[in-house]
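Heads up: the protein sequence lines correspond to chains A and B, in order.
Take the first sequence: its position 39, counting from 1, is numbered 39 in the working numbering, and each next residue is one higher.
Take the second sequence: its position 36, counting from 1, is numbered 36 in the working numbering, and each next residue is one higher.
Hints are computed from structural coordinates only; laboratory data are not their basis.
Quick caveat, the model's predicted, so the values are computed rather than measured.
Ideal Cβ placement from N, Cα and C applies to all residues, glycine included.
Among the hints, erroneous ones may be present.
As the list claims (entries may be wrong) - Listed below are the simulated BS3-like cross-link pairs for lysine-lysine, each with C-alpha atoms no more than 25 Å apart in a straight line:
hint	chain 1	residue 1	chain 2	residue 2
1	B	K14	A	K43
2	B	K14	A	K37
3	B	K14	A	K6
4	A	K35	A	K4
5	B	K19	A	K37
6	A	K35	A	K54
7	B	K19	A	K43
8	A	K35	B	K144
9	A	K12	A	K37
10	B	K14	A	K35
11	A	K50	B	K147
12	A	K43	B	K144
13	B	K147	A	K43
Stated by the list, open to error - FRET-style restraints, in silico, Cβ to Cβ:
hint	chain 1	residue 1	chain 2	residue 2	range
14	A	K37	B	G18	13 to 23 Å
15	A	K37	B	Y25	19 to 29 Å
16	B	L136	A	V10	27 to 37 Å
17	B	L129	A	L56	41 to 51 Å
18	A	Q17	B	I76	56 to 66 Å
19	B	L136	A	Q28	40 to 50 Å
20	B	A31	A	L56	41 to 51 Å
21	B	D35	A	L7	49 to 59 Å
22	A	S15	B	I86	55 to 65 Å
23	B	L64	A	K50	31 to 41 Å
24	A	L7	B	G18	47 to 57 Å
Said to hold, decoys possible - Negatives, chain B to chain A, calculated, CB over 10 Å:
hint	residue
25	G18
26	L27
27	F50
28	E51
29	S61
30	Y70
31	Y88
32	A89
33	L101
34	Y103
35	S112
36	L116
37	L140
38	D146
For reference, the chains in residue letters:
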Amino acid sequence: MNMKLKLARVAKNLSQQELADLVGASRQTIGLIEKGKYNPSLKLCISIAKALDKTLNDLFWEEINHE
Amino acid sequence: MSKKPFLNMDERSKQIAGKVIAIMYFLTIIALQIDVIVRQFVFDQNIHDFEDLAIILTINSLFLITALLYFGAISIQKLKIKFVLIFYAWIVVLGTIFTYLKYNVFTDANLSFSQLMNKLVIIFTISGLIVLFWMLFSILGKRKIDKELD
Numbered sequence: 001m002n003m004k005l006k007l008a009r010v011a012k013n014l015s016q017q018e019l020a021d022l023v024g025a026s027r028q029t030i031g032l033i034e035k036g037k038y039n040p041s042l043k044l045c046i047s048i049a050k051a052l053d054k055t056l057n058d059l060f061w062e063e064i065n066h067e
Numbered sequence: 001m002s003k004k005p006f007l008n009m010d011e012r013s014k015q016i017a018g019k020v021i022a023i024m025y026f027l028t029i030i031a032l033q034i035d036v037i038v039r040q041f042v043f044d045q046n047i048h049d050f051e052d053l054a055i056i057l058t059i060n061s062l063f064l065i066t067a068l069l070y071f072g073a074i075s076i077q078k079l080k081i082k083f084v085l086i087f088y089a090w091i092v093v094l095g096t097i098f099t100y101l102k103y104n105v106f107t108d109a110n111l112s113f114s115q116l117m118n119k120l121v122i123i124f125t126i127s128g129l130i131v132l133f134w135m136l137f138s139i140l141g142k143r144k145i146d147k148e149l150d
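Use the sequences and the hints to build the structure in full.
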């Protein structure tokens, strides 16, 4: 599940539909990305990052815990 | 307020549509092939009764592979003569086996040696033309991608 994306969207006061409209995707697509059930293209990732004023790392990079 | 298009296709829905269309296309082709086989061997229909279907299937397969080569789905880095000749030989062998089975096993035509030789000439020629056609389009496809990269 991509909590980073959901938190960034909520922090921006955007609904899934509003974010979807900003990036030219459907609400279902945003929902599936947040649930980790759809791998977006790099182009869509960049659009989402720009819409939320975040970097790709902030939204999509998963830290691996080696401990 | 801006009007939203009725059919708002984003990258995910296009991807799903592409997959569904590909599966339905595959099933349609299989169904048509089964139809041709049933007409020929179950209903004993004359070949002229389903020749149109056979032509559609042949042209479809030919253009499917051509499109895959041209648009880079089948990516050939460098065309080697050895590879082309082996590929040509395979098509000829498969064509010969198919023709033999068609006339001497599945039907009672029992071709004579000279008739079989005549068929072989056609197989060699058509296979050669098909290989040349695919070679041409794989070269054109490669050029197209190289042009886009420049």
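Comparing the hints with the structure gives:
1. B:K14 / A:K43: Answer holds: K14 (chain B) to K43 (chain A) is near 15 Å, not above 25 Å.
2. B:K14 / A:K37: 16 Å, holds
3. B:K14 / A:K6: 24 Å, holds
4. A:K35 / A:K4: 11 Å, holds
5. B:K19 / A:K37: Distance of about 17 Å is within 25 Å: holds.
6. A:K35 / A:K54: Distance of about 19 Å is within 25 Å: holds.
7. B:K19 / A:K43: 20 Å, holds
8. A:K35 / B:K144: 38 Å, violated
9. A:K12 / A:K37: Between K12 (chain A) and K37 (chain A) the Cα gap is close to 23 Å, so the pair holds against 25 Å.
10. B:K14 / A:K35: 20 Å, holds
11. A:K50 / B:K147: 30 Å, violated
12. A:K43 / B:K144: 23 Å, holds
13. B:K147 / A:K43: 22 Å, holds
14. A:K37 / B:G18: 13 to 23 Å: Given a distance of about 18 Å, which is inside 13 to 23 Å, the answer is holds.
15. A:K37 / B:Y25: 19 to 29 Å: 26 Å, holds
16. B:L136 / A:V10: 27 to 37 Å: 55 Å, violated
17. B:L129 / A:L56: 41 to 51 Å: 50 Å, holds
18. A:Q17 / B:I76: 56 to 66 Å: 45 Å Cβ-Cβ, so the 56 to 66 Å window is violated.
19. B:L136 / A:Q28: 40 to 50 Å: 43 Å, holds
20. B:A31 / A:L56: 41 to 51 Å: Distance hint for A31 (chain B), L56 (chain A) holds at roughly 45 Å.
21. B:D35 / A:L7: 49 to 59 Å: Taking Cβ atoms as reference, D35 (chain B) and L7 (chain A) lie about 56 Å apart, which means the hint holds.
22. A:S15 / B:I86: 55 to 65 Å: 59 Å, holds
23. B:L64 / A:K50: 31 to 41 Å: 39 Å, holds
24. A:L7 / B:G18: 47 to 57 Å: 32 Å, violated
25. G18: Given a closest Cβ separation of 13 Å, the condition holds.
26. L27: 25 Å, holds
27. F50: 43 Å, holds
28. E51: Given a closest Cβ separation of 44 Å, the condition holds.
29. S61: 31 Å, holds
30. Y70: 23 Å, holds
31. Y88: Holds, because the least Cβ-Cβ distance between Y88 (chain B) and chain A comes to about 39 Å, which exceeds 10 Å.
32. A89: 41 Å, holds
33. L101: 46 Å, holds
34. Y103: Holds: least Cβ distance 51 Å, greater than 10 Å.
35. S112: Its Cβ never comes within 10 Å of chain A, the nearest being 60 Å, so this holds.
36. L116: For L116 (chain B), whose nearest Cβ neighbour in chain A is about 54 Å away, the distance exceeds 10 Å, so it holds.
37. L140: L140 (chain B) is indeed farther than 10 Å from all Cβ atoms of chain A, at 27 Å.
38. D146: 23 Å, holds
Going through the hint list in order, the structure does not satisfy hints 8, 11, 16, 18, 24.
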